[in-house]
Amino acid sequence: MKSLPRFAIIGHPNEGKSSIVATLSLNDGVAISATPGETIQQQRFDLKAGEQTIIEFVDTPGFQNPQATLQWFRENEEAGDGRVKRFIETHGDDPDFHHDCELLRPVLEGAGILYVVDASRPMTAVDTAEMEILRLTARPRMAIINPKSNESRFLQSWKTTFRQHFNSVRTFNAQTARYLDRIELLEALKSIDQDWEPALSEAVELVRMDRQRSTERAAEAIVEHLEQSLRCSCSSFLEHESGVELEKRKLESEYRAKLAKIEKRFREQIRDVYSVRKVAVELPENSVLAEDLFSERAWQALGLTQKQLAIAGALLGAGIGVGADLAAGGITFGVFASIGAAIGAGSALWKGKDLARAKISQLPLGGLKVTVGPNVSEQFPFVQLDRYFLYVEFVSNWAHARQEAEVHLVESNEKAGLSSTWEQGDLKVATRFVKAVKSRNAEELESSGRALRQLLVGVLGA
Amino acid sequence: MSGKGKRNATRWSLDQLVGYECALAKDESEDWQSLKAQDAETHLEEGLLLSGDRRAIAAGWLKLRLEASPEIKLASDSVMQSLKAAGQLLGAGGLLLGLASATAALAYTGEAPINVSAFFSLFVLLQAVLAVVLLLVFAAPRSWRERLAFGPLFRATRWILESIFSKLQALSARFLSGQQRQDAAEWAGAARRSLALHGSVAKWLAFTKIQAAALCFNFGVLAALLVSVVFSDRAFGWQTTLETESESVGQLVEVVSLPWAWAYGEGEGYPSLQQIEGSRIVLKEGTRGLESVDLAAWWRFLALGVLSYGVLPRLIFYFLGKWQIRASLARYDFGNASAERLMQRLRPEGPRFDAERVEQGAEQIASGVGGVDLQATTRQRVLCLCSRELGESFDLEALRTRLAQRWGVRQESVEVKTYENGRIAAAAADLSEERQFVIVFESWMPPIREIERQVRELRAQMDERNLLKIVLLGIPDSAGEAISLRPEKQYAEAWHSFVQRLGDPYLILDNPAL
Chain H
3 MKSLPRFAII GHPNEGKSSI VATLSLNDGV AISATPGETI QQQRFDLKAG
53 EQTIIEFVDT PGFQNPQATL QWFRENEEAG DGRVKRFIET HGDDPDFHHD
103 CELLRPVLEG AGILYVVDAS RPMTAVDTAE MEILRLTARP RMAIINPKSN
153 ESRFLQSWKT TFRQHFNSVR TFNAQTARYL DRIELLEALK SIDQDWEPAL
203 SEAVELVRMD RQRSTERAAE AIVEHLEQSL RCSCSSFLEH ESGVELEKRK
253 LESEYRAKLA KIEKRFREQI RDVYSVRKVA VELPENSVLA EDLFSERAWQ
303 ALGLTQKQLA IAGALLGAGI GVGADLAAGG ITFGVFASIG AAIGAGSALW
353 KGKDLARAKI SQLPLGGLKV TVGPNVSEQF PFVQLDRYFL YVEFVSNWAH
403 ARQEAEVHLV ESNEKAGLSS TWEQGDLKVA TRFVKAVKSR NAEELESSGR
453 ALRQLLVGVL GA
Chain P
903 MSGKGKRNAT RWSLDQLVGY ECALAKDESE DWQSLKAQDA ETHLEEGLLL
953 SGDRRAIAAG WLKLRLEASP EIKLASDSVM QSLKAAGQLL GAGGLLLGLA
1003 SATAALAYTG EAPINVSAFF SLFVLLQAVL AVVLLLVFAA PRSWRERLAF
1053 GPLFRATRWI LESIFSKLQA LSARFLSGQQ RQDAAEWAGA ARRSLALHGS
1103 VAKWLAFTKI QAAALCFNFG VLAALLVSVV FSDRAFGWQT TLETESESVG
1153 QLVEVVSLPW AWAYGEGEGY PSLQQIEGSR IVLKEGTRGL ESVDLAAWWR
1203 FLALGVLSYG VLPRLIFYFL GKWQIRASLA RYDFGNASAE RLMQRLRPEG
1253 PRFDAERVEQ GAEQIASGVG GVDLQATTRQ RVLCLCSREL GESFDLEALR
1303 TRLAQRWGVR QESVEVKTYE NGRIAAAAAD LSEERQFVIV FESWMPPIRE
1353 IERQVRELRA QMDERNLLKI VLLGIPDSAG EAISLRPEKQ YAEAWHSFVQ
1403 RLGDPYLILD NPAL
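So the protein sequences, as listed, match chains H and P.
Here my numbering is used: the first sequence runs in plain steps of one and ends on residue 464.
Here my numbering is used: the second sequence runs in plain steps of one and ends on residue 1416.
Bound-form chain H, shown alone (with noise of 0.2 angstroms):
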């Protein structure tokens, strides 16, 4: 059986080793804490494409002795490549020597080393000692500077001592690292040792290739809430008139309530599609992606632009039009089709936040229906459709060391959404999309959904 690629990632206590390991992982499952000796056992994650384990990553307690332990290795020089054994079983049963032993442990059962380290300090005898050891140990091996701070004084003195102990440097921010830079890092490792190239090639192919498939179904599901959220609607039957008001206000806060469960449901799915499972994702106050649906906030940061809205509301209504011109048997030549892309304009250039109107009707066996939803405004469907899309870029770009930090979104009174971008071409995929939800056209929904999924497929994925 081919062995895989393993990694033993090694360093100084509280250096962020438990960090870059959730992150290449992609596991949030590390216990990840700031207080310094948070792991005393090796443990190995695995990074799945799937269900295939691709890489093994070893998190490894901090060293403990890092002099004493350097002074064993030049004392015990007769040893040779053995010394890593011997000195593991020589300390083996020392507590003092417990973390030592453990985070070498991996290196003699042949993992790689990922030296960490914070360059954002001056170097101490300490990491000159443990640089040496893991020279000595003349295992493949690559430091990485995960950078605790911007201070940058010391990176270059780090530089040139990682030149003399390490075959390959990587600057790795294990807080902010993208899904690129994870991919960056992991293609860097296959140049510490030419053994493990093909194996790493496939592997980051794999998780390419796993990538591709978590935004397909990214796509999938913003098109299958989205088509959700345009259906949505409550109804409730009355008897008489005077309880109307009330029922309306009841219905509109059930409306609400419908459209947030729906995004929720939504935003439990990405965070599955994307692994990103034991930790909340805690989107800070100021978010975008944190206000309601309703918001002020909201639309004015997310949805069309009042060029777009035009000429979406154009498209839409045009339809509407065409619609009613093929009802005349086409004797109108196209003069409905005009006056409806008219009308369509001018109303998407209505503020539509409240457009959940309340539709009463009269019943003809007696009584009232009341009905809220769906949403009549043009804007609607694109910021519904930026918010979904907002979540999946965000949680996809999830590194999943960050358990304990904030993210905050740019705060912009302008267009932060994805379908402000949008040329007419793309508009129109998704006007289409919209039209076909409204229409209830099961043909024509399928065609523009998957149009519309091949556009966020290619969005998500660029």
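These are computed hints drawn from the structure, not numbers from a lab.
The beta carbon of each residue, even a glycine, is placed where N, CA and C say it ideally should be.
Take every hint as true, because none was put in to throw you off.
Mimicking DSS-like on lysine-lysine, the simulated pairs with C-alpha atoms at most 30 angstroms apart in a straight line are:
#	chain 1	residue 1	chain 2	residue 2
1	P	928	P	1105
2	H	87	P	1069
3	P	1391	H	161
To give an idea of the interface, some chain P residues facing chain H are shown, with a C-beta separation under 7 angstroms as derived from the structure:
#	residue
4	1289
5	1346
6	1377
7	1396
Since chain H is already given, all that's left is putting chain P on it; use the hints.
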């Protein structure tokens, strides 16, 4: 102030010590600036501060602190009340046990007299033996006592407990987070520190309480004996299977009665030979032939025996314990890390620990405002130990200047020595104890086992009551600063925890930045 008055002012009571610890514990969580501001408001007499008498300064500070913070007084009173309640419970337990056991021993059905030998053995002889053993322990040289205390039994018990503790630790590590493990280690360190500082007081306090309980036990025995004699007709006799003559018993009785024989002689304080002969129980002859007068002659002997060999020694030991508590309180050393920190706090306008540039404090000291109780740092030379690599990365001369300024001492008094491969203890091995030892570490490296071992090794070769300082280097700011003594909070917290975990009462983090 007269000599006696001064003695009274500096004599610490147990209440004060408890209050002092409560106040320091409360201040532990406060930041340095708040504490300085708070102390400035207490208006401690300047003359007292300048006297340099740490004991008197601490007492004066405590008095004002307790007045200003009733919650500390409440906490302190609660501890004292708890101790008192524990003592009362022990006393009540002893009294009840004494009453119950003596009543059981004095059970009399009229068929056979109460066996004097049993009562005597249990309530007089055993207590006399215990008192003698205790006296021997006190009288024995310290080395003997230590050999006795740390003998094979102690070592075996320690080994068992250590094994259990180590297993429990390994087990708990699986369930506890790093923070929880750190909290537990800090808690254990605090317990060790308290034991090292207050172990003697605690030991004598426990001794006193036990003696008080034993005293109550004897009162219980005495009360049971007197009540049974006064309110019922009891016959006391003695018996033995051995070929023992009454004369031998008489001689033994005379020896035992020596402490009170001068006041209560034969026939009163102890039975005469005739009474001894007359109260001998021979089972085959029955008790009919025995004289009632002879059978009643023993109770005074037993009562005075309990009084002399039970009550009196316990009373003596009780007062001995009280005296030892006072002696321990008098011996309490205000040179420990907590007291040192308090003195630094009270030092008017002295250099601050954090945030502030050291020059400010140094300038003030140079202008003569400070200089209060610099004791450890001014009287002796200071030896700063740094790793060779630290010396290569930083300007040690600048460090020396900074530290001299910080402590308000002449630069020549501060010596900087480097060590290699973590051999701190070796670097300090040949140096005289007259020096104040300071270890300089880079704050940004979280303390590890290796450092813990190095600090312990250095401590082992020092007097355990010599203050050992840890100074943390901060990362110099980008304005070309050669040395920074301002560690970042995140790093300093790890070091603060490290010092707490070590539980060494004479180890101080000089610039904790908290």
